[in-house]
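A.B. asks: Chain by chain, the residues:
2 protein chains.
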Amino acid sequence: MIGGMGRWEPDARGRLAHAATTLCLEHGYDKTTTADIAARAGLTERTFFRNFADKREALFAGSGVVEESLTASISAAPASASALTVISDAVEALCGELQSDAGGVRRRHELILSHSALRERNLAKYDGLVDSLTQLVRARGVPEVEARLAAELGMVGYRVAFDRWFAGADESLPTLFVETMEAIAGLYRGPDEGTSVSPG
Amino acid sequence: MIGGMGRWEPDARGRLAHAATTLCLEHGYDKTTTADIAARAGLTERTFFRNFADKREALFAGSGVVEESLTASISAAPASASALTVISDAVEALCGELQSDAGGVRRRHELILSHSALRERNLAKYDGLVDSLTQLVRARGVPEVEARLAAELGMVGYRVAFDRWFAGADESLPTLFVETMEAIAGLYRGPDEGTSVSPG
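Protein chains in written order, with the working numbering: chain A, 1 to 200; chain B, 1001 to 1200.
Hints listed in this document are in silico derivations from the structure and should not be mistaken for laboratory results.
Values in this document were obtained by computation on a predicted structure and should not be read as measured data.
Check the hints yourself; a few may be wrong.
[Unchecked claim] Footprint (simulated), chain B over chain A, 3 or more residues, beta carbon under 8 Å:
#	region
1	33-46
2	117-125
3	143-149
4	181-189
Built from N, CA and C at the ideal position, the CB exists for glycine as well.
With the sequences and hints as input, model every part of the structure.
C.D. replies: Take a look at the structure:
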């Protein structure tokens, strides 16, 4: 191999993912090539294709981290907790991690909104997360439908909170998530029961 | 125009949509062309493109009917009904309409599951329905977040009920939908409150 570039590159995947996001934001998704991405990361195109099937996948490299975070939280949850509590707590922890990289998360989401191929991939990612969460909670002995519904509700809370956060709400992502889950619960209480957040 | 085919064709759109579904089920999505679809419907390819932007859109022609059904139900709902009730009732009515064409709905869904481009389009359709439902309920004076959450919950109930129905559950789609919405409500009740359906 020319130029002494080793076969193993420390965090090649992370560097490629970062370069992909940066270049797509600078030049647009359609105008960015895998060769550009590899060059920006100081790696070969061959290394790119050892790590990702295509350009689009490099932009969704973070999905694995999201699944790992949710999996770790759910496996650490007490056995007595309800499916909905387990999922809410896991998503809240994920929101905290995303908040600590707020600038990066925001930039990535701007990029996703810029292209229909990325928006569609993003919807498919949510759908995959519902499946993963369902299976993780199923493994705790929760019946199928209850597990799926708790997973769906957690993702609804996440998506609604994320959209509010991205649109410029003052609160942090974890706070917005907790508020949104509380607002969902509020839909199932009469107007006089319990404390109700004002979701307007 | 040769062959006396008039510019206006009675229900050309419906015939093309039906031919598209039939041919894609027979030969696969990739192997079906717009020319095949037009020929099967007894129409010209030109008429096809007056009605649909591409092959994929012809398979989603029913989306307009779904939106019309939901819009009609919501505009007929009493002003005093909550956002969640208005949406649940509208989706339940839609489920009834789909049940009355059970065979056609099932065939179409088999087709969607057969190709990733159709699955992605289907997810985008659900996302669009959430937006439409949100706007319809917003127009009744419901605050933004409450409207969006009620819309999201209605679509969660619909998707979960639909998957159970498609997987071969004995009950009808409207019954499964009502049961699923009840199971969501059950997640917000303690184990000793109210009657709980068994969602397992």
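A.B. asks: All hints are to be evaluated individually against the structure, with a verdict given for each.
C.D. replies: We went through each hint and held it up to the structure:
{"no.": "1", "hint": "33-46", "verdict": "violated (count 0)"}
{"no.": "2", "hint": "117-125", "verdict": "holds (count 5)"}
{"no.": "3", "hint": "143-149", "verdict": "holds (count 6)"}
{"no.": "4", "hint": "181-189", "verdict": "holds (count 6)"}
Checked against the numbered hints above, the structure violates only hint 1.
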